[in-house]
Amino acid sequence: MNRRRHNAAGALGGLAAVCAVTLGVFAWNGRTARASVGTGRTGEQLEYASPVEALFSPDGTRLYVLCQESAQVRVLDAKSYEPVKSIAVGTVPRGFSLSPRGDRLFVANSWDDTISVIDTQTLEVAATWPVASEPSSVVEDREGKHLFVANRISNDVAVLDAQTGAEEKRLAAGRGASYITASPDGSKLYVTHVYPNATPHRTAPASEITVIDTARAVVVDRIALPYVAHGFHVAFSADGRLGVATNMHPKNLVPLAHLEHGGAFADTLTLFGVDVGKPVEVPLDELELYAARPFGIAITPDKLRIFVTCAGSEMVTVVDVPRLIRYARTHPGSNAQDMSASANYVVERIAVGHDPRGVVLTRDGSKLLVANRLEDTISVIDTKTDRVAATIALAGPKKMSVQRHGEQTFYTARYSFQGQIGCANCHIDSTFDGLQWDLEPDGFGRDIVDNRPIEDVKDTEPFKWNGGNPNLPTECGPRTEKYFWRAENYDSLTLTDLVVYVRGLPARPNRWRLPGRELTATQERGQALFVRDVDKFGNLIPEANRCVYCHSGPKGTNQKSFDVGTKKVTDNSGLLDTPQLTNIAITAPYLHDGSAPTLEQIWTVFNPQDKHGRTNDLTKDELNDLIEYLRTR
Amino acid sequence: MKAILRIAMAVMLLGVPAGAAAQAKEATPRVHKAANSVAKSSIPVMPHFRFENFTTANGLPDDHVFSVLVDGDRIWAGTENGLGLYENQQWKAFTTKDGLAHRAVLSLALDKRTGDVWAGTMGGLSRISGGRIDTYTQLNSGLSNDVVYGVSVEGENVWVATAAGGCKLDLHTGEWSLYNERNTPMVEIWVYGVSATPTKVYYAVWGSGVLEYDQQKKIWDKYEDPDGENEMVLFKDQGLIHEITTSVSYVDNILWVATYFGDSRYDGRYWHNFLTKDSGLPSNFTNVIKGVDANRAWFGTDKGLAYYDGVNWAVYRPSLTTGKPEMTVRNAKGTVSPVAVSTAPAHNYVLGIDFQGNDIWVATAKGLSHGIHQP
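Chains as they are written, first to last, in numbering that gives the first Met the number 0: chain A, 0 to 632; chain B, 0 to 374.
These aren't lab readings, by the way, just hints derived from the structure by calculation.
Among these hints, one or two may not hold up.
[Said to hold, decoys possible] Derived pair list, reagent style EDC-like, types lysine to aspartate or glutamate, alpha-carbon separation capped at 16 Å:
id, chain 1, residue 1, chain 2, residue 2
1, A, Lys397, A, Glu46
2, A, Lys619, B, Glu155
3, A, Lys78, A, Asp363
4, A, Lys566, A, Asp441
5, A, Lys559, A, Glu460
6, A, Lys168, B, Asp145
7, A, Lys457, A, Glu474
8, A, Lys168, B, Glu180
9, A, Lys619, B, Glu223
10, A, Lys619, B, Glu153
11, B, Lys111, A, Asp212
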């Protein structure tokens, strides 16, 4: 294989360290949610652009860049890359697309649950439509009848009237529905998911590509993705015969000690369509060179090359399509474990900026533009030479805040052995992964642990389920370096920056809470059960057996350890750190080992002795009330 | 009361027409007597069907068919041994291995907006969506009970009838609301059927009549038999015919109610009761009722399938005496006439009904029947 690794031109140099503090941006759920906007020592605000996606206008004259942190669509001249205009959109925009006629640009604003509709003639926001929970991408059908919106939290695709924005219905998708891609003829939509669907405890994860018939606006198929936990973008060949999805394939059923043997994740593509028949999974990794966190993808119009951003590895992997198809036809099923496979079809690795995400090809396929999220740049790759021809710097601060450096550290895979994984491998978009892992410090096959979410994690120490890490510097530093990275430790400045970033992670808005934060009647009844000190028979509930005792305070933890009767035969101890309740509605599965797939099962299955709170006196109605209250936390 | 319920439940599920034998003796002679005295020209024109019957012999998962659902060209059959899907002239079976909550599928409902199918089973509620099956049980969700007799989809809400009350799943929020003796006028909590619309939701509550929920006013009301639990009908057309309700269907602002002791129609002001003695109903023991519109309805009884067009009645069944295909028509005067047919539903014990254009699909105790409308 003729493989080269090129350095990005214009990549940002060394760290311009700037002491930073976070700014309050908006409030939600009673706690301040802070975007990572830094302030420099000299007082200037450092508001980064953080480009995540890019699009060309149909006539090829404009480049639209979706900037997540500055909450803007930046409009650039497609030839000179000079800025034309910046258009303010909603909070944490995650996906955007043009209408088939190109007259409207739709933006999915994931944190304020809206769609911004931009008139591409005036470059003004013509409308802002409220939608459901954490909209992450949006696509209009060819007829201009419906708009399809992938909702990450409600796990569905909303179907809106494309003219009014009125929601007509929601289609059941997989867990963490996030990215929608239309087939070349527009007849079908393909939806991928960042979190795995529920599978039985300690079995392989699975995800799906949900297939929607656009004319009927119904789900017509689900392409099963066995072993895949996280799916991102999909691309199609121009003839529609080949679909390719970017995936992360965790190896969480074996001890993580196998990192040395490529054992943490396979970074893969799933191929589907007429060209390959049944779906085929192929790895992008090779021994000693990993394609961590594949995300964006594009196929050249001539169907000769596939370009994949590998966000953790900060590079673009180039795949030869004819060779890939030949390989797939002779290697059905999953080839994720075959570290020699990629030699058959990977032809280049092109270094780009920090956390490269979305990609877009020029219409003739001669250039590939890559949005480097944590560098505020766009890499322009010449697809003939597979070299970075230019790097476009987006307007924004040139200095680097502490948070920004910490975020780069969080998202890169460069610290781990052979560059296999980074923090973001398991904390998808700085959240969680819905998986359980076997970390070997406790013994192989011992102490299986569910991955806890990290949003709003400040002041919830100690960390780890056994409460073994007293603070974030310990959690993120020695523990991570020793048991995850195995290759390189952080210098003290980097660790500090990482901790500052993690401590500043805000809680995403809680969608079960009414806008004014008041509770519904059901939630109020549940709250009464949560705080009660007497059971239904009039007996005093021991203090340590009341919900509110352990799950106290604004984040729902008293930061102490208890035995709640959930110890399994594989656990070394039943004494467990009390987890915070932040956004608990969306962080299934539950309990320390993830053995409870739903909140209900914590009490209907795993609390026979009332050790995890006094609950066995409750009727089914009352247990439902309690759960509705918990969802507001 | 519970013992009676269990017996009746067994009767319904096993397809043993316990009350049928006694009633057959009084119903059958009336047909023959009337038929001999009526000229053909006076027989009302009623729908004719050619019935094609499916059993395990031609691919149906099981012959005990509890429910049937038409989804365009696709037919779903809830059987005692899995959920059958008839598509492109082939049967496919979904079982617990595919994620189905339980092999015995008692009820089915279609979300017409999304195409999702909801299946109420003896072990929970399942959603079949694009080939994926998600299951809700009383342990893993807010579902009130795993025995799901009825299910109905209205907008974003899935209304469920269970052995421990009714409940509703809000698909937008994931919230379950439970309806039982603690928050509704329900006395018994054995809920057999549900019919949900954007304005009204009706539950057929075994031993507790019909429960009505007004979606706008958000209030409950209850309809009971004015005779109480008396087996005699003292107040005909004064209210619900009996407390032991089995099925409800709310169409065009008309409520149709089935019981094991006759059926009823309610227009919001007036009740009309149907009994074998004064209507064309072949049996008072009615498992299922399905309104076509304000005036027309189909009845699935233990003695055959019946149709009421607002005036006249037609009954389709294998003869109770000979087993040969039989169709009878009863006109407004009560005159019953036989109509020559060569096919009939697979069995007289009818548990489910659905429509496919002018065709009808019928779930019976011994197979699934497709009534192909004849011009």
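Each hint tested on the structure:
1. Among the hinted pairs, lysine 397 of chain A with glutamate 46 of chain A is consistent with the structure: their alpha-carbon atoms are about 10 Å apart, no more than 16 Å.
2. Note on lysine 619 of chain A and glutamate 155 of chain B: the hinted pairing is violated, with a Cα-Cα distance of about 22 Å set against a maximum of 16 Å.
3. At roughly 14 Å between alpha-carbon atoms, lysine 78 of chain A and aspartate 363 of chain A fall within 16 Å of each other, so this suggested pair holds.
4. This hinted pair checks out: lysine 566 of chain A and aspartate 441 of chain A have alpha carbons roughly 14 Å apart, not beyond 16 Å.
5. Between the alpha carbons of lysine 559 of chain A and glutamate 460 of chain A the distance comes to roughly 9 Å, so the proposed pair stays at or under 16 Å and holds.
6. Note on lysine 168 of chain A and aspartate 145 of chain B: the hinted pairing is violated, with a Cα-Cα distance of about 27 Å set against a maximum of 16 Å.
7. With a C-alpha separation of about 12 Å, the suggested pair lysine 457 of chain A and glutamate 474 of chain A falls inside the 16 Å cut-off, and the hint holds.
8. About 33 Å separates the Cα atoms of lysine 168 of chain A and glutamate 180 of chain B, which puts this hinted pair outside 16 Å; it is violated.
9. Distance hint between lysine 619 of chain A and glutamate 223 of chain B is unfulfilled; the C-alpha atoms sit about 27 Å from each other, more than 16 Å.
10. Distance restraint check for lysine 619 of chain A and glutamate 153 of chain B: the Cα-Cα separation of roughly 24 Å exceeds the 16 Å cut-off, and the hinted pair is therefore not satisfied.
11. For the given pair, lysine 111 of chain B sits about 15 Å from aspartate 212 of chain A by alpha-carbon distance, which is consistent with the 16 Å threshold.
The structure is inconsistent with the numbered hints 2, 6, 8, 9 and 10, although it conforms to all the rest.
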